[in-house]
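Undergrad: These protein sequence lines are chains A and B, in that order.
Heads up: the first sequence runs through residues 690 to 1178, numbered per our numbering.
Heads up: the second sequence runs through residues 690 to 1178, numbered per our numbering.
In case anyone wonders, no lab produced these hints; they're calculated from the structure.
One thing to keep in mind: the hints can contain errors.
Since the list gives no way to pick out one identical chain from another, each pair is judged satisfied if it fits inside one copy or across any two copies.
To be verified - Pairs of lysine-lysine, DSS-like flavour, derived with a Cα cap of 27 angstroms:
| no. | residue 1 | residue 2 |
| --- | --- | --- |
| 1 | K1019 | K866 |
| 2 | K807 | K890 |
| 3 | K867 | K890 |
| 4 | K890 | K866 |
| 5 | K890 | K1008 |
| 6 | K807 | K1103 |
| 7 | K807 | K867 |
| 8 | K727 | K1103 |
Protein chains: 2
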Amino acid sequence: MTQIAAIIGGGVIGGGWAARFLLNGWDVRVFDPDPDAKRKIGEVLDNARASLPGLYDMPMPAEGALTFHETVADTVAGAVWIQESVPERLDIKHSVYRDLQAVCAEDAVIASSTSGFKPSELQDTATRPAQIVVCHPFNPVYLLPLIEVVGTDANADMLSHVEDTLRGVGMFPLMVKKEIDAHIADRFLEAVWREALWLIKDGIATTTEIDEAIRMGFGLRWAQMGLFETYRIAGGEAGMRHFIEQFGPCLSWPWTKLMDVPELTEDLIDQIADQSDAQSGMYSIRELERHRDANLVGMMRTLKARDWGAGALLNTYDKTLNQTLRIAEKIDDIADLAQPVLTVDRAVPIDWTDYNGHMNEARYLQAFGDATDRLMLIIGCTPDYIANGGSYFTAETHIRHLDEVHAGARIQVKTHLMMGTGKKMHLFHTMYEGDRVLASGEHMLIHVDLATRRASDPAPQIAQNLTRLSDAHADLARPDGAGAAVGVR
Amino acid sequence: MTQIAAIIGGGVIGGGWAARFLLNGWDVRVFDPDPDAKRKIGEVLDNARASLPGLYDMPMPAEGALTFHETVADTVAGAVWIQESVPERLDIKHSVYRDLQAVCAEDAVIASSTSGFKPSELQDTATRPAQIVVCHPFNPVYLLPLIEVVGTDANADMLSHVEDTLRGVGMFPLMVKKEIDAHIADRFLEAVWREALWLIKDGIATTTEIDEAIRMGFGLRWAQMGLFETYRIAGGEAGMRHFIEQFGPCLSWPWTKLMDVPELTEDLIDQIADQSDAQSGMYSIRELERHRDANLVGMMRTLKARDWGAGALLNTYDKTLNQTLRIAEKIDDIADLAQPVLTVDRAVPIDWTDYNGHMNEARYLQAFGDATDRLMLIIGCTPDYIANGGSYFTAETHIRHLDEVHAGARIQVKTHLMMGTGKKMHLFHTMYEGDRVLASGEHMLIHVDLATRRASDPAPQIAQNLTRLSDAHADLARPDGAGAAVGVR
């Protein structure tokens, strides 16, 4: 039977919760007096629909039903989960709980999105304190997995049900053992926010500079390992104890001017070292380094494809690396037009390899796709040309995987233009590591009008460049494997 | 002419600098009295060679020469950049600078990796203060782009040269305007470290829990946007001012118990709001949300492919989503063996689309590769079987791109086993969105012995499953496009 979640308070956080439950197949009932609530939640849902399902390699359940209600009583009808995301004022929250508990099921979970209040404070004055628990999410709620779950002794019996429910909608419930103001993550966010305010106030850095200081450096580390696993690596084979002994005193020096710092007693060092062993002791430092590096390479290449943050920097540097125009940018850059054109020359990234230990089959096509993009650029199908409505689409591809290649190897693709007349462009790419042939990629592309998505003739300049290059390639031997079909000798 | 960098002090940081310069074509000369220095730097270099070149889509320069030297004088011969990474003690650093300045070129840059000291402190007692500047890197130095560059009035003339040099080796120099203890990034790291020590000391959280609180939540946000751009989104269309006014007072409440907090005056709010406009004002909040979501999806899918952190959680959830075995895991899960097997059923992730606005050609092969992996699993070529030394490699692929598909669309692949005898497996995948055919993928796979990397017969159980499925598929019509060659009608 479809489960029902009641969302008390829309907005960005409530809307994110609504999206998370809906896309996981729950029915969602919303109470929010804001006249714009429907539009606002609709916008969050649009974002969630565009992003969340693609995270999985399986279809998500059919979306539940979303309804909006005028009264709290109507909203919570049938709800087994009630998510409260009203403003962060204790008097408002207490009043909401009174209203809710007068009408909701006694065994429903009342979860608060509060980032600051302790569950004991929320439970105070409640009819049934045991029903109320902190479930603090992070924006965007539909994508980020972390939920801080904080209860009191009163709701000890309910917490495993809360944990299971949150896992059931794809989240990562962090079961916080002791309640404190601001739970765990917001302690860090507040510490950083306070530090950032000082840096701006004192004219040390701007918001841009602070954001770059984070996302070009430790932000990338924290996205995949957090704080302690990162520092475990810094400590080397000697481990966490060594790190603290080496860096602890030096780090404490600027702190002490500002604030109260825990003393690094032997007991505290032991505690941290033991916990770190339990957390990461199954990996050697070398293994951790390699995991870290592969994670970083993958994430930075993702940002590169989006030309964003640390990835945008990589794109800029690619231009520096190609200052000698080793890889041509236009047809006149090519020294010898009669030879196949060098269209790819690169190292195989770590994240292009798979469980067989070699470059994954799809990455062969990615490299051939890059080679095709480069040839398009060379004949004048530039980003500007594409922005003006013309491009080439690949219609057909034939790949022969002839040999394996591994991460770090330098590969090159050379491209033979077999035909380039009218709407068609027929390419034959050969991939090498040194002299060793790794693969061939044969591709038929069609020029399209991006407005109609139909085949169309390319601009005269492109047609002319295609003729020039295919004439120059006319004397090349027909490539081995051209025109072959799968399984046909 | 090849440029020369001198590395004073090896270890993890010095080794990272050595790798960064070497792989960017510089000659590198190392001074480190540690007898293990050669081995340690060699290990860092191995990691760097495996990861850094693949970040770029261009070949890096030919690697420079790495040499180790007995004396400081010998080490700095010809060096235009001298990177000091000795222990964080001011007296040691002063003594190293005295030795360096007695023998190095007067126009060489002496850059300190210090994370804590101000440049004025480093320059104190130096023969030529103007030569010494802070260039603080982040581990792993060969991958992370951030470098905090901090100078004093004494070296104002040198800073643009320092900036250019660092950009020239692919880094992101953050030019810090005013010197303070610990520069910018380490102020944040120290604030978080201090907070983490309290949380452990008070028994609130373990190192594991703290790391999860970071990497399952705000760590992912910070890797791509940092602090202020993230909060700008939280403020909604009303912007940064709204965020501070809404969350500022509430956030300040737990702070004030612990420490000195800057007062949120109108002036400070204006300053932050103006800087945030200058930083991110070119995007609407909706645009920022979409960039953020696409970045997060890409990074989380990267971690998923590596089964790490937030990505490991996605893999676990995939199993939950497939609890009904909608996608078969073994041959007996299949209800009707006589039909093509459902091998992929998923949404198109945001990061699978390209500049043409549709799913990129390489992602078609990624989906077909996933379909092949699933069919391998179904016939018994499981992770255990692969770990024991048998697998299938794709030898040949033919793809017909018949129609476009966009991010968020639900796609399915159905697989026809055309032949499965001996070492060979011949698959024909058809990709659909609903009833619309998007593409076909025809593949010849060969069973291999992973030890010899040569063709070999599969285990009897696999051969038997292949026969069972290919017999059941024998009556299926020959798929449209099977056996076709590129450009052949």
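Undergrad: State for each hint whether it applies.
TA: Each hint, compared with the structure:
1. K1019 x K866: neither (62 angstroms within a copy, 41 angstroms between copies)
2. K807 x K890: Between. Shortest inter-copy distance 19 angstroms satisfies the 27 angstroms Cα cut-off; intra-copy 31 angstroms does not.
3. K867 x K890: Intra 34 angstroms, inter 12 angstroms, cutoff 27 angstroms: inter-copy only.
4. K890 x K866: This pair counts as between: shortest inter-copy Cα distance 13 angstroms, intra-copy 36 angstroms.
5. K890 x K1008: neither (37 angstroms within a copy, 49 angstroms between copies)
6. K807 x K1103: Neither way: K807 and K1103 sit 63 angstroms apart in one copy and 51 angstroms across, limit 27 angstroms.
7. K807 x K867: For K807 and K867, the Cα distance is within 27 angstroms only inside one copy (10 angstroms; across copies 39 angstroms).
8. K727 x K1103: This pair counts as neither: shortest intra-copy Cα distance 55 angstroms, inter-copy 39 angstroms.
Consistency note: the structure conflicts with the earlier hints numbered 1, 5, 6, 8.
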